[in-house]
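These are the residues of each chain, in order.
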Amino acid sequence: MKRERYSKSNFWNLLKSRKLAISLLLVILIFSALGTQIPQRSLLTAKDFSAWQARNPFLSRICEALGFTNLYWTWWYIALLVLLLINVAFCTASRFRQALRPTSLQSRSTESLRKFENFFSFYTSEKVSGTLQTIHSLLTARRYRVFHQEIPGGCFVWAEKGRFGVWGSLLFHFSFLIILVGVLVSLGTRVKGRMAITEGQTFTERARDYLVLKRGLLSTYKHSGFQVKLEEFRVETKGKATEYFSDVTVKEDGRTITQKTIGSNNPLVYKGLTFLPDIHGFSPLLVLKDKNGTSLLEAYIIFTTHFSKGKVKYEDFINVPGSDIVIEGKIYPDAIKNGQSLRSKSGIPRNPAIDLIVYEGEQRIFTGPAMLGQTVDFDGFSLTFADLRYWSSFWVIKDEGVPIIFVGCWLGIIGLFIVTTFISKRILVRIQKEGDSTAIYVAGRSRIANALFANEFLALAQQMEKTINNGGGGVRACS
Amino acid sequence: MPAVEVALFCVTVALYFLGLCLYVFSLLFKKEIWLRWGTVFAGCGLIFHTIALGFRWYASGHFPGNNLYELNSMGSWFAIFLFLILQYEFREARILGVVILPISLLVMSYGVMSAPEMGPLLAEYQNPWFIVHILFAWFAYACYVVACGCAVFYLLKEKYFVGDSPESFYGRLPSLLTLDELSFRSIAFGFVTHSAMIVSGSIWANTAWGSYWNWDPVETWSLVSWLIYGVYIHLRLTFRWKEKKAAWLAILALIAVVFSYWGVPHLPSKSYIHV
Numbered sequence: 001m002k003r004e005r006y007s008k009s010n011f012w013n014l015l016k017s018r019k020l021a022i023s024l025l026l027v028i029l030i031f032s033a034l035g036t037q038i039p040q041r042s043l044l045t046a047k048d049f050s051a052w053q054a055r056n057p058f059l060s061r062i063c064e065a066l067g068f069t070n071l072y073w074t075w076w077y078i079a080l081l082v083l084l085l086i087n088v089a090f091c092t093a094s095r096f097r098q099a100l101r102p103t104s105l106q107s108r109s110t111e112s113l114r115k116f117e118n119f120f121s122f123y124t125s126e127k128v129s130g131t132l133q134t135i136h137s138l139l140t141a142r143r144y145r146v147f148h149q150e151i152p153g154g155c156f157v158w159a160e161k162g163r164f165g166v167w168g169s170l171l172f173h174f175s176f177l178i179i180l181v182g183v184l185v186s187l188g189t190r191v192k193g194r195m196a197i198t199e200g201q202t203f204t205e206r207a208r209d210y211l212v213l214k215r216g217l218l219s220t221y222k223h224s225g226f227q228v229k230l231e232e233f234r235v236e237t238k239g240k241a242t243e244y245f246s247d248v249t250v251k252e253d254g255r256t257i258t259q260k261t262i263g264s265n266n267p268l269v270y271k272g273l274t275f276l277p278d279i280h281g282f283s284p285l286l287v288l289k290d291k292n293g294t295s296l297l298e299a300y301i302i303f304t305t306h307f308s309k310g311k312v313k314y315e316d317f318i319n320v321p322g323s324d325i326v327i328e329g330k331i332y333p334d335a336i337k338n339g340q341s342l343r344s345k346s347g348i349p350r351n352p353a354i355d356l357i358v359y360e361g362e363q364r365i366f367t368g369p370a371m372l373g374q375t376v377d378f379d380g381f382s383l384t385f386a387d388l389r390y391w392s393s394f395w396v397i398k399d400e401g402v403p404i405i406f407v408g409c410w411l412g413i414i415g416l417f418i419v420t421t422f423i424s425k426r427i428l429v430r431i432q433k434e435g436d437s438t439a440i441y442v443a444g445r446s447r448i449a450n451a452l453f454a455n456e457f458l459a460l461a462q463q464m465e466k467t468i469n470n471g472g473g474g475v476r477a478c479s
Numbered sequence: 001m002p003a004v005e006v007a008l009f010c011v012t013v014a015l016y017f018l019g020l021c022l023y024v025f026s027l028l029f030k031k032e033i034w035l036r037w038g039t040v041f042a043g044c045g046l047i048f049h050t051i052a053l054g055f056r057w058y059a060s061g062h063f064p065g066n067n068l069y070e071l072n073s074m075g076s077w078f079a080i081f082l083f084l085i086l087q088y089e090f091r092e093a094r095i096l097g098v099v100i101l102p103i104s105l106l107v108m109s110y111g112v113m114s115a116p117e118m119g120p121l122l123a124e125y126q127n128p129w130f131i132v133h134i135l136f137a138w139f140a141y142a143c144y145v146v147a148c149g150c151a152v153f154y155l156l157k158e159k160y161f162v163g164d165s166p167e168s169f170y171g172r173l174p175s176l177l178t179l180d181e182l183s184f185r186s187i188a189f190g191f192v193t194h195s196a197m198i199v200s201g202s203i204w205a206n207t208a209w210g211s212y213w214n215w216d217p218v219e220t221w222s223l224v225s226w227l228i229y230g231v232y233i234h235l236r237l238t239f240r241w242k243e244k245k246a247a248w249l250a251i252l253a254l255i256a257v258v259f260s261y262w263g264v265p266h267l268p269s270k271s272y273i274h275v
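So the protein sequences, as listed, match chains Z and W.
Numbering of the first sequence is given in this note's numbering, commencing with residue 1 and proceeding in unit increments.
Numbering of the second sequence is given in this note's numbering, commencing with residue 1 and proceeding in unit increments.
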């Protein structure tokens with residue numbers, strides 16, 4: 001029974017141990033730094049990640065096996081964070097008890113006072129009671145809270161200020177728990193989707209209209225069904241900086257609710273959903289007719305934007321519905337001839353062209369470019385590049401954990417501010433009769449700024465000596 | 001760069017350089033008066049530096065945080081501002097000019113050699129939280145540089161000062177206790193501003209990219225250096241790590257900060273979205 005109690009108390013002591021906190025911080029910082037040296041799947045495109053794997057087959061295999069390529073989401077990394085937070089929770093609880101505990105009013109021996117980093121002693125011919133009054137007044141004038149108690153042959157004085165600083169440390173550590181709650185809420189309820197709209201077209205806020213939609217396990221979000229129409233996508237260039245704007249209209253039941261220009265740092269927020277700009281590209285209007293003039297395809301097709309080695313490509317393929325025809329295309333927004341092939345001078349659609357390859361089954365039936373408005377005929381089909389519009393994609397996010405996280409963060413900063421502003425200082429004075437005179441032993445301690453406090457302490461102790469030996473002149477009596 | 005700005009920049013650099021020379025001469029030739037003049041030149045340099053930054057802000061129409069020149073110039077301004085403010089509380093801190101001024105000059109030179117052109121603010125930067133993020137970042141880094149300077153002087157004095165020659169090079173440095181505490185207080189203040197920097201950056205990222213934390217290498221290294229200073233503070237307050245051990249830790253921690261600013265963009269993984 002005794003052993004069980006002992007091991008239990010050891011376990012709790014370990015959980016609230018500051019050594020554990022330091023060890024965990026060190027391990028976490030080492031692994032965090034390591035994660036920046038190894039390519040992370042979540043931060044690279046699949047293509048770039050595969051390229052790294054191909055370049056480093058042995059290293060990548062080891063890293064994959066150890067989970068280092070997704071380090072921040074491995075179970076053991078999360079476990080380390082959780083353990084640190086448990087440790088913080090226990091430390092906070094222990095600090096809370098300390099903060100609530102009243103100042104210890106236990107007298108100290110002269111020898112014990114001598115061990116303090118700041119110590120000063122002097123003698124006076126004044127009586128103990130008069131000396132106490134002067135010391136009390138001096139400390140009160142310096143905004144110390146003063147307590148005193150009689151001891152055999154004299155009295156003992158405790159003075160402290162800046163005790164409020166203890167709450168700062170508590171608040172700082174407590175803020176981590178709030179941040180944890182925020183992160184859990186965020187992970188559990190976050191809704192994140194991606195959608196793309198071509199100019200003039202409308203996105204309806206429902207599951208099937210998203211390209212990608214991820215929901216937290218605890219998310220109870222219900223789609224609102226409102227509509228977002230992309231009126232226009234604009235590219236504005238100022239010197240070297242290029243800005244992209246999407247003019248959108250939000251509609252509900254056919255009524256216009258609001259209009260907004262979405263840009264970088266300027267998202268649309270509606271019904272708790274935040275629409276952030278992602279990437280953009282081009283949607284050509286392709287019209288394919290067969291030899292009878294029947295339209296097989298007439299639609300704006302969103303062509304994927306590819307980024308590779310600092311270059312942007314707009315290319316994709318379309319399976320024509322109800323046929324075995326596949327159209328492969330590559331858009332040149334500002335096309336110029338480069339020998340037999342095309343290239344684009346810029347990303348602005350000044351002279352759009354599309355490079356086409358058309359297959360019927362396995363057979364290639366057409367290869368060649370088409371300028372905007374041009375129709376190409378092949379094998380009895382006609383294909384018209386009728387129009388070109390921009391498309392813009394958006395991240396749609398709903399995260400209820402974010403406000404909690406930021407409240408936690410700011411509380412933490414306020415806590416740190418309190419810690420560094422309200423520095424806890426303590427002064428202990430032992431006044432005792434020694435022969436014909438009165439001996440005064442003064443000791444002091446500051447938890448944080450000891451060198452600064454050393455000067456303050458010395459000045460205070462010298463003032464005590466001077467004032468007491470001058471008969472306490474000029475010092476008001478304590479109440 | 002407009003001619004006025006070039007002139008202001010040159011005057012600033014010249015004044016800082018003169019200040020640095022005076023600090024060094026004062027140490028070498030034991031002339032107290034030169035130390036005072038060093039501070040006067042550093043102060044005048046700061047005035048011209050402020051005008052140069054103000055001009056940049058006015059001429060470009062945005063907060064100077066668009067490229068390395070602007071960022072580094074702001075950073076140096078903060079370091080020297082902090083150094084001059086520190087002298088009010090600790091007169092002996094004047095000697096830190098021997099460390100602060102050359103670091104600031106190096107940072108400014110690196111900026112002016114990389115990209116000094118004035119341009120419109122990038123779309124990602126057009127957010128008030130970005131300004132808050134930058135200001136806190138530089139305040140934190142300036143504090144850490146001051147702390148590292150104190151730590152270096154602490155180690156030098158601790159090793160070479162024999163105690164019987166107060167007029168010697170090491171005798172003229174602030175007392176070991178003051179250097180130790182100045183280093184700690186700078187780190188404590190830097191830690192507060194570093195925390196504010198991470199939080200404001202996180203708010204900015206949430207507005208710009210819809211995510212408050214991405215484990216991007218720049219973010220992660222900022223967290224790593226924050227954790228290192230967190231460990232320093234815990235070791236100091238809880239385990240009474242002081243003096244020599246604390247000084248070495250302050251120097252090592254600054255290496256992490258320098259890496260997070262200049263080293264991360266050269267990482268092989270290149271997997272960052274941070275602008």
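Bear in mind the hints are in silico, worked out from the structure with no lab data behind them.
Fair warning: this is a prediction, and the values are worked out from it, not measured in the lab.
A portion of the hints provided could be inaccurate.
[To be verified] Stretch-level coverage of chain Z by chain W, calculated; a stretch enters the list once three of its residues show a Cβ under 8 angstroms from a Cβ in chain W:
1. 28–36
2. 256–269
3. 319–325
4. 371–379
5. 403–410
[As the list claims (entries may be wrong)] Distance condition first, Cα-Cα at most 25 angstroms in a straight line; then the derived BS3-like pairs of lysine-lysine:
6. Z/161 - Z/115
7. Z/115 - W/31
8. Z/161 - W/242
9. W/245 - Z/19
10. Z/251 - Z/161
11. Z/238 - Z/260
Every residue gets a Cβ at the ideal spot worked out from N, C-alpha and C, and that includes glycine.
Hints versus structure:
Note: the region 28–36 of chain Z has 6 residues with beta-carbon separation from chain W under 8 angstroms; the three-residue rule is met and the coverage holds. Restraint check on the region 256–269 of chain Z versus chain W: 4 residues with Cβ-Cβ distances below 8 angstroms, three needed, restraint holds. Closer than 8 angstroms: that is the beta-carbon criterion, and the region 319–325 of chain Z has 0 residues meeting it against chain W, so the requirement of 3 is violated. Coverage of the region 371–379 of chain Z by chain W is violated in this model, with 0 residues showing a Cβ closer than 8 angstroms to a Cβ of that chain against a need of three.
Here's how the region 403–410 of chain Z fares: 4 of its residues keep a CB closer than 8 angstroms to some CB of chain W, so the rule of at least three is met and the hint holds. The straight-line distance between the Cα atoms of residue 161 of chain Z and residue 115 of chain Z is roughly 21 angstroms, inside the 25 angstroms bound, and the hint therefore holds. The straight-line distance between the Cα atoms of residue 115 of chain Z and residue 31 of chain W is roughly 39 angstroms, outside the 25 angstroms bound, and the hint therefore fails. The hinted pair formed by residue 161 of chain Z and residue 242 of chain W meets the criterion: a straight-line CA distance of about 24 angstroms does not exceed 25 angstroms.
At most 25 angstroms may separate the alpha-carbon atoms for a hinted pair to count; residue 245 of chain W and residue 19 of chain Z meet this at roughly 17 angstroms. Distance hint between residue 251 of chain Z and residue 161 of chain Z is unfulfilled; the C-alpha atoms sit about 61 angstroms from each other, more than 25 angstroms. Distance check on the hinted pair: residue 238 of chain Z and residue 260 of chain Z sit about 22 angstroms apart at the alpha-carbon level, within 25 angstroms; holds.
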